[in-house]
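**Q** Sequence:
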Amino acid sequence: MRVGLVLLLDEKVHNVANSKKYEENMSHLKKEIEDFLQSGKNLYIFLSKKESYPLASSVTSPRKGQNTYNTYTKTNYDFLPINIGAIVSASGKHIEFSGNSIFNDLYKKFKGNLEYQVYVENINNSQVVFTGKDKTKILGAIYKAGNGNVVTLPYLKYDTNKFIEYREKEDKSYWTDEAVKFGNNFIDCLLAIDQQLLQDSEKTPPPKWSNQEKFSSKKTIKIEKEIQQNEKEIKKIKSKNNKLYEELSDENVLKDLLFEQGKPLENAVIKALHILGYEAENYDDGSLELDQVILSPEKYRFIGECEGKDNKDINITKFRQLLESLNADFARDEVEEKALGILFGNPERLKDPNERTLDFTQKCKTWAEREKIALVNTVDLFTIVNYLNENKNEECKKACRQAILDWLWWIVKFPNIPN
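For the sequence shown, the positions run 55 to 473 when this note's numbering is used.
Note that these hints are calculated values from the structure, not bench results.
Only a predicted model underlies this, so the values are computations on that prediction, with no experimental measurement involved.
Among the clues, some could well be false.
Said to hold, decoys possible - Label-pair restraints from in silico Cβ distances: (1) Ser264 with Asp242: 32 to 40 Å; (2) Leu342 with Gln250: 56 to 64 Å; (3) Thr371 with Trp464: 13 to 21 Å; (4) Leu342 with Thr371: 16 to 24 Å; (5) Thr437 with Leu244: 48 to 56 Å; (6) Ser143 with Asp367: 28 to 36 Å; (7) Glu300 with Leu349: 43 to 51 Å; (8) Gly331 with Ile277: 58 to 66 Å; (9) Lys366 with Lys226: 37 to 45 Å; (10) Lys452 with Asn296: 32 to 40 Å; (11) Gly146 with His328: 26 to 34 Å; (12) Ser143 with Glu77: 18 to 26 Å.
Even glycine gets a Cβ: it sits at the ideal position worked out from N, Cα and C.
Could you put together the complete structure from these sequences and hints?
**A** Okay, structure coming up:
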């Protein structure tokens, strides 16, 4: 079964009548799906990008010509009659296959077309089929629902240019032969999966009374006890692994200095600054937001801004933002002395650090010299803090802090790693 939702609401316009109609349609669709699953059939869902839609429950008019709406939010996954877990937006192409034999053919033929636009966490009572590199991030699974199954799968991607042919004389678009072949192969895979799942569910589920010990052989009881013991061990191991994943995630934060941008890069810079002995944190009072407010043990105060570029050098745009942040910070009543500025840049972040040739634009460097701003390449920062994270060396930390002060006009050159 393929499910599609037609959303009639403009994201910027709240309309009570349309919202009510949307809820009615959603309720009707959910009931149809519940009946469909109860009849023993299977629902297949390709996990596409999670989207949110604002709806209006009521409207008031406090002044003439002014409408105030009471709003709430729905998503394109709210039609599901079961909870498949917490849906988290993310994207990528690295997909791990569990080896479930039912899906072997699908994975073999279409693994090059599978990608993920979301992943699911905290799932219960399901068979995991696809995961990300992190096994807790579920990209596809089988959920028992009624007498049937809800089967989630990674998003199926194909080349539209190769699959659609436009015929100018007819002013119509048609599927190409390649597209039809692709579609037929994919349908065959789904039908094979569906047939196998239906066969597995044809056997009558044992009634509760049949679980009484008097109906079970000694060997059955022994096997069941072994299974229960194994499940306890699995639960313990999963719990340990979840803690290890958390530790691993925390330990790998510094790696984000090499390839991240945005919030992950900001957090990695803060951790690096803590290692160097600084106090550092994000600042947001509702009107002013700063990537980092930094205080050294020597009582020098800095404002930091972070920028990552995929394949380019760090340009003047973020530099201007840093200057604006410095002035806005100085305008606060509690700030008596203007802070120093640091621009943390991660140029060509998707390349191997050894292959990068760019850093900051010449205009950035000229302004840094004029405004006395330190430019820090986050790859250089990673190199020194990665050493200090594993080696206690207060002198080296102090030398790094001094280097930032000494280079308040250019790209910071950190001291060499001690032998």
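**Q** The structure should be examined with respect to each hint, and the outcome stated for every one.
**A** Checked hints:
1. Judged by the Cβ atoms, the range 32 to 40 Å given for Ser264 and Asp242 holds: they are separated by roughly 38 Å.
2. For the pair Leu342 and Gln250, the beta carbons lie near 59 Å from each other, so the given range of 56 to 64 Å is met.
3. Between Thr371 and Trp464, the C-beta spacing of about 19 Å keeps the proposed range 13 to 21 Å intact.
4. Leu342 and Thr371 have their C-beta atoms about 19 Å apart, which keeps the hinted 16 to 24 Å range intact.
5. With their beta carbons about 50 Å apart, Thr437 and Leu244 fall inside the hinted range of 48 to 56 Å.
6. Checked against the hint of 28 to 36 Å, the pair Ser143 and Asp367 passes, with Cβ atoms roughly 29 Å apart.
7. At about 28 Å, the CB distance of Glu300 to Leu349 disagrees with the hint of 43 to 51 Å.
8. The beta-carbon spacing between Gly331 and Ile277, approximately 59 Å, falls within the hinted interval of 58 to 66 Å.
9. Checked against the hint of 37 to 45 Å, the pair Lys366 and Lys226 passes, with Cβ atoms roughly 41 Å apart.
10. Between Lys452 and Asn296 the beta carbon distance is about 38 Å. The supplied range of 32 to 40 Å therefore holds.
11. Between Gly146 and His328, the C-beta spacing of about 29 Å keeps the proposed range 26 to 34 Å intact.
12. Roughly 24 Å separates the CB atoms of Ser143 and Glu77, a value that falls within the hinted 18 to 26 Å.
Of the numbered hints given earlier, the model fails hint 7 alone.
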